[in-house]
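So the protein lines, in turn, are chains U and G. Residues in the first sequence are numbered consecutively from 1, following my numbering. Residues in the second sequence are numbered consecutively from 1, following my numbering.
What the hints contain is simulated information worked out from the structure, not anything from laboratory work. Take these hints with a grain of salt, some might be off.
Claimed, not checked - SDA-like, lysine to any residue: derived pairs with alpha carbons at most 25 Å apart:
1. U:K154 with G:V165
2. G:K163 with U:R29
3. U:K154 with G:E240
To be verified - Pulled a few chain G residues facing chain U out of the computed Cβ check, cut under 8 Å:
4. V246
5. S247
6. A252
7. L256
8. G257
Using N, Cα and C, we set each Cβ at its ideal position, and we do this for glycine too.
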Amino acid sequence: MGAEPHETVGDDAPAKARRAAGDRPPIVRVEDLTIGWGDVVLQERLTFDVNEREIFAILGGSGSGKSTLLRFLTGLEPVTKGIVEVQGRRDIDLDAGFPPFGVMFQAGALFGSATVGENVELPLEEWTDLPPDAITAVAKAKLRLVGLDGAYGKFPSELSGGMKKRAAIARALALEPNLVFLDEPSAGLDPITSAELDDLILALNESLGLTFVIVTHELESVFSIVDRAILLDKASKSLIANGPPHELAESDDPRVRDFFDRRPARRDPSARPGTPNPT
Amino acid sequence: MAPGTRTLRKDEDRAFAIERRDGTLRLGGDLLLPDAAAIWRELHRTTDGLNPGPLTIDLSRANAIDGAVTALIVALRSDLAARGVRAELVGTPEELRPLVQLYEADAEPPKQRRRRKPEGMVEQVGRATAGILEELRAVVTFFGEMVVAVVGLVRHPRTGHWKEVPPLLERTGADALPIVLLINFLMGFVMAYQSARQLKMYGANVYVADLVGISVTRELAPLMTAIIVCGRSGAAFAAEIGSMKVSEEVDALRTLGLRPFAWLVVPRVIALLVVLPALTMIADIIGVIGGLFVAVTSLDVTMRGYFVETTTSVQLWDVEHGLIKSVAFALAIGLIACQQGFAASGGAEGVGRRTTATVVTSLFALVVLDALFTVMFRVLGR
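Could you put together the complete structure from these sequences and hints?
Here it is in structure tokens:
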């Protein structure tokens, strides 16, 4: 499946705005990309696009290379085979200035020796000529944007898991990127906090027009906020699906359907004949 | 089915029975964890020396079985399969079947992987040598990256993380002062005390000042101070950077467009380059005072006599000798600690391993550098 313009679910205005995103040029373009570690190849010949203002998900089972793909997209790993183009720039060099995107890592990766406010201020101090009081004002506004008004002077160790991720999003937004990569934003969060984070992503997408590329396997989150997703298959080392989540869930490919229809085989009488059901 | 107690039973209290007769191994009674060790021994005793061929494991007399013993049966079947004995499980009572099936004890035994031949001595030496060369390559590459970072900082000073330097100076220098003072005072004290008896025998009491002065300034103060700094700051640097590496903070720095080298390594190396020579000079003084204490209390040397003798015997070059070494030591500790920190992977265990490696490698490097400088200065006639 290619990166076709896609259908989104629902008839609300923001969704329509996102639907129109399919007409814009891709903000991320990946062509024939091979990813892996050393001699180990995780995925081969990956080809897909991410459109502007889209909430795009990279799905796949554990070990399929989702987070590794994110490292290649963000320039943390050098591309040796294939093409990665982000906002029209090939081969992102992270040493050459601030990159044209923000990244939120799985556990937040906030700098533990600095306060939450200092974490958000850091990129502003480095890459802008704003005076200190203006930097503080911007950092506080970013924290307010993600619902962390009172966390400015706190250290990351004083925050809960969900708050750390929000703070990390605030830091990722510090330099006003229009593309944000999120690595497993829902990992380790309870359903309510996870839903709050989904709300935040949707709000930022709809009100600021941000594009999100999200690595996840949280299906509820995928169905509620994601416009389009790709599915990486560990066994065939390839991209096996690309499209809106609801379409993927009804795919003819059993590997794709199995991923979305994740019922335990023990609860499914048609699966694994003869399998016992111990009590 | 009794779940069985968790306390271990003695052999005479065993509640199971195992016997082998005519190609059938019968297991009966309560096959539970408290008897697992005895069951394992018994299973091996009864199947040792079996010839290749079929074997039936009969569970029909079992009253109870738990996961641990089922796992042992799976392991036994696998061992037997490797010896050409095809063991088949039969007669599992209906109520025990789900557990047995869950552990796949009744399935085909997995094929045993061929055991890798143990490495010979030559292979082990080769692997260790390759490992050392790889580490060496990493350190040299790291040094190269450090040089590039320094050149970049000279050209664009604004990109440095300079505000990190003062707190690092405090942590590596001021905070280390008490322990540096104590250790070096004791070094001077011990040197003087050890030599006191011999010097007294020859009436050369006052020469304790020469002995302590020269050995402290040229050798002991720089080396002992470097060892203290290596244990305190080197280990701390490796742990800090290692923790940042495994928690993706280093990656986060990079995605904010900040260079981890300029940000993390350069301030730490600069701090050590300033602090170690300064601490060494203080250590020189306190080491001489340690000797003075012994000279005055045990060798009847006056305080004035001791200082006059020290200033006569210790030349400026002796102090410079120690300071030059301390600069090299600082560079070695800083680079090794930061390189090890960046090489950390695999969570807390990886950080711990790299912290230990930092101390061991740094101590080794300090001694090697010390020897090299000694030979070099000797060749140069200093």
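Can the hint on A252 of chain G be confirmed by a CB-to-CB distance to chain U that is less than 8 Å?
-> Check passed: Cβ of A252 of chain G comes within 4 Å of chain U, closer than 8 Å.
With a cut-off of 25 Å on the C-alpha distance, tell me whether K154 of chain U and E240 of chain G pass.
-> Status holds; Cα separation ~20 Å.
Holds or violated: is there a CB of chain U closer than 8 Å to the CB of S247 of chain G?
-> holds (6 Å)
When the nearest CB of chain U is found for L256 of chain G, is that gap smaller than 8 Å?
-> holds (5 Å)
Residue hint G257 of chain G, partner chain U, criterion CB-CB below 8 Å = Since chain U brings a Cβ to about 3 Å from G257 of chain G, closer than 8 Å, the hint holds.
Given the proposed pairing of K163 of chain G with R29 of chain U, does the C-alpha separation stay at or below 25 Å?
-> Violated, at about 39 Å.
Straight-line alpha-carbon gap K154 of chain U to V165 of chain G, limit 25 Å | holds (23 Å)
Restraint satisfaction for V246 of chain G [CB to CB of chain U, less than 8 Å] | Not OK, violated: V246 of chain G not within 8 Å of chain U, min 10 Å.
Of the hints listed earlier, those the structure fails to meet are numbers 2 and 4, in rising order.
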